[in-house]
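Trainee: Residue numbers (numbering that gives the first Met the number 0), protein chains in the order written: chain Y, 0 to 347; chain X, 0 to 347.
Watch out, some of these pointers could steer you wrong.
In this list, chains with the same sequence are indistinguishable; a pair is considered to hold if it fits within one copy or across any two.
What the hints assert, rightly or not - Calculated pairs, SDA-like style, for lysine to any residue (alpha carbon to alpha carbon, straight line, at most 25 Å):
(1) Lys159 x Tyr239
(2) Lys300 x Asn339
(3) Lys121 x Lys253
(4) Lys153 x Gly211
Hint data in this document are derived by calculation from the structure and do not stem from the laboratory.
Protein chains: 2
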Amino acid sequence: MNLIQTKLSKLLSTAAAALLASSIANAGILPKAALTPADNLTTAEKVELGKQLFFDPRLSFDGTISCNSCHNIMSSGTDNRATSSGISGRRGVRSAPTIWNAAFLTALSWDGRAATLEEQAKEPPLDPLQMGMPSEAAVVERLNAIPAYVAQFKTAFGDKDAVSYDNMAKAIAAFERTLITPNSPHDRFLAGEKTAMSEQALRGKKVFEQSGCNTCHSGTNFAGPSLPIGQGFYQRFPSYSSEYNKKYDLSSDKGRYEVTKVKKDMNRWRVPSLRNVALTAPYFHNGSASTLDEAVRVMAKTQLNLKLSEQRVSDIVAFLESLNGELPKINMPRLPGTINNSLVSNMK
Amino acid sequence: MNLIQTKLSKLLSTAAAALLASSIANAGILPKAALTPADNLTTAEKVELGKQLFFDPRLSFDGTISCNSCHNIMSSGTDNRATSSGISGRRGVRSAPTIWNAAFLTALSWDGRAATLEEQAKEPPLDPLQMGMPSEAAVVERLNAIPAYVAQFKTAFGDKDAVSYDNMAKAIAAFERTLITPNSPHDRFLAGEKTAMSEQALRGKKVFEQSGCNTCHSGTNFAGPSLPIGQGFYQRFPSYSSEYNKKYDLSSDKGRYEVTKVKKDMNRWRVPSLRNVALTAPYFHNGSASTLDEAVRVMAKTQLNLKLSEQRVSDIVAFLESLNGELPKINMPRLPGTINNSLVSNMK
Numbered sequence: 000m001n002l003i004q005t006k007l008s009k010l011l012s013t014a015a016a017a018l019l020a021s022s023i024a025n026a027g028i029l030p031k032a033a034l035t036p037a038d039n040l041t042t043a044e045k046v047e048l049g050k051q052l053f054f055d056p057r058l059s060f061d062g063t064i065s066c067n068s069c070h071n072i073m074s075s076g077t078d079n080r081a082t083s084s085g086i087s088g089r090r091g092v093r094s095a096p097t098i099w100n101a102a103f104l105t106a107l108s109w110d111g112r113a114a115t116l117e118e119q120a121k122e123p124p125l126d127p128l129q130m131g132m133p134s135e136a137a138v139v140e141r142l143n144a145i146p147a148y149v150a151q152f153k154t155a156f157g158d159k160d161a162v163s164y165d166n167m168a169k170a171i172a173a174f175e176r177t178l179i180t181p182n183s184p185h186d187r188f189l190a191g192e193k194t195a196m197s198e199q200a201l202r203g204k205k206v207f208e209q210s211g212c213n214t215c216h217s218g219t220n221f222a223g224p225s226l227p228i229g230q231g232f233y234q235r236f237p238s239y240s241s242e243y244n245k246k247y248d249l250s251s252d253k254g255r256y257e258v259t260k261v262k263k264d265m266n267r268w269r270v271p272s273l274r275n276v277a278l279t280a281p282y283f284h285n286g287s288a289s290t291l292d293e294a295v296r297v298m299a300k301t302q303l304n305l306k307l308s309e310q311r312v313s314d315i316v317a318f319l320e321s322l323n324g325e326l327p328k329i330n331m332p333r334l335p336g337t338i339n340n341s342l343v344s345n346m347k
Numbered sequence: 000m001n002l003i004q005t006k007l008s009k010l011l012s013t014a015a016a017a018l019l020a021s022s023i024a025n026a027g028i029l030p031k032a033a034l035t036p037a038d039n040l041t042t043a044e045k046v047e048l049g050k051q052l053f054f055d056p057r058l059s060f061d062g063t064i065s066c067n068s069c070h071n072i073m074s075s076g077t078d079n080r081a082t083s084s085g086i087s088g089r090r091g092v093r094s095a096p097t098i099w100n101a102a103f104l105t106a107l108s109w110d111g112r113a114a115t116l117e118e119q120a121k122e123p124p125l126d127p128l129q130m131g132m133p134s135e136a137a138v139v140e141r142l143n144a145i146p147a148y149v150a151q152f153k154t155a156f157g158d159k160d161a162v163s164y165d166n167m168a169k170a171i172a173a174f175e176r177t178l179i180t181p182n183s184p185h186d187r188f189l190a191g192e193k194t195a196m197s198e199q200a201l202r203g204k205k206v207f208e209q210s211g212c213n214t215c216h217s218g219t220n221f222a223g224p225s226l227p228i229g230q231g232f233y234q235r236f237p238s239y240s241s242e243y244n245k246k247y248d249l250s251s252d253k254g255r256y257e258v259t260k261v262k263k264d265m266n267r268w269r270v271p272s273l274r275n276v277a278l279t280a281p282y283f284h285n286g287s288a289s290t291l292d293e294a295v296r297v298m299a300k301t302q303l304n305l306k307l308s309e310q311r312v313s314d315i316v317a318f319l320e321s322l323n324g325e326l327p328k329i330n331m332p333r334l335p336g337t338i339n340n341s342l343v344s345n346m347k
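Just chain Y, with the same shape it has in the complex (with noise of 0.2 Å):
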């Protein structure tokens, strides 16, 4: 292990280390289970109750926005929309990353703005474009009116102080934790089943080292290196300019400086994941391209200042089709209900 790495395990669990010392034998290969942070090891019941919280509309004030209505795990992970629609069909400037493999993130969001899973899900209840709740504790009172949860709150975290903001983030977060797609064709093809990808995803692979992809989309996550929790892997995007940036207006928002205000951090991004990209149509922060392979052409000119022939950007995608994993099977939560009373009922 590197230092990085050495100083990464002592914040994790042994079990953590043990996985996370597999995972850099595999290289490139997706692990099948993620790390576990020692202050929320996951745990049965802290997933069964993240999952029901991921898909229960109460966590948004008029009972309309679930996690799951931005982050659609039927599916891609996200909503395939440009930007996302929240309560009363308000709208964000961002497109709605997948939750397929964020638990392989080291910071989360566009901006990288939240560390941990943990961090992130104690967002949208409070955005008022999302879920429009007015404050932690509107969220923490309305999921103790519920009998089933305060029990199961209970069971998952201890008697005391059990139903909270903090341990609602922390179920959802173990419940995405579990949110892994293994097994995709360029996976099969690393782990030496020589026929997994086909001919054109192979040499889609070629071009996409060859021209210099990977030097961003690297690792395990094609997300970039391994770095310490919290720390993400950012880029100036575009870092050449082209007609492109006018066309999908690639510059106005100004990314990670809007967190840190700091210049050097002027439209820089998170380096998204590119497992099951072929699948989170549209693209780009702002969902300003409606397909992977336009998606392709712009990357190339914007961050290589290469115009690749149409040969090699459908030979790209067919790589980054490779890269769609196989989606778990999950049994449909039960959200439990309140007798006689509905939560929203006085929210028209």
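Fit chain X to the supplied structure of chain Y, relying on the hints for placement.
Mentor: Only chain X this time, still in chain Y's reference frame:
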């Protein structure tokens, strides 16, 4: 069998007729399976496809609303809102009825305008206030753009014209016929389990029957007598005038009159099922009553001209809670993707 039942059974398959006979034998107890129309026999392939379609937000114009958005089968089969929220936060004027056990209704929607689940399923995708698709053709075009769906429609309906609006509705209806919640405490009580209901629920049952609530809320679904498919059981609401008319705006929506334009149908409504009613707050066609106890007070006054004591109200509520059934376990569907592009990507 009486004349109506004999007539009905001619419309049904042999298996369905056997079921009908068994449901008559067990009058009051919810059958484990629903009658199936002869032109849409239930198959595993249809049910699976119907489940996917039921959860697929691509049936809505902007990819935000699925059948499940308003008829949430992770919980009460409703959205627990006064009125539902469609695309872009558009609002209708009536409360979404539960989809649980709708398979046993002979007319659907508050005003009975749909005779069958198949007919009902064709409405929301084209309703501008709900899913907002511009035409049946636009829905079919979108389904045809999802390769795995095309294959599944062929398996379920044969090769010829497999992907059609009618077949979409048939698949959804086939799935909906499986949405049955058996073994409520009241059902178990009727089946001979004498301790299945609490003392209070048993008292409530007596009050419910002696007060005459079961004049309308009769039969297997507590939604009226057995009738041929397409024939709804309607009642005027409110029947007696009271302070509640104004308080809950009970009369401004003309109900069935809006469908038939016949004067006798003014303010008449399909008698709703009481199964799982304790979970489906808020109440009435406009969702104006927030709690079940208040709904009981209002119904007693407006329909029976009775002012119930608070003890009797809470006894009836306890009885109604005993009509909550067991929600079946369901595997989460997988919504097939479209490689390279999103069908809803350009709908900002």
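Trainee: Which of the numbered hints are not met once you compare them with the structure shown?
Mentor: 1 and 4
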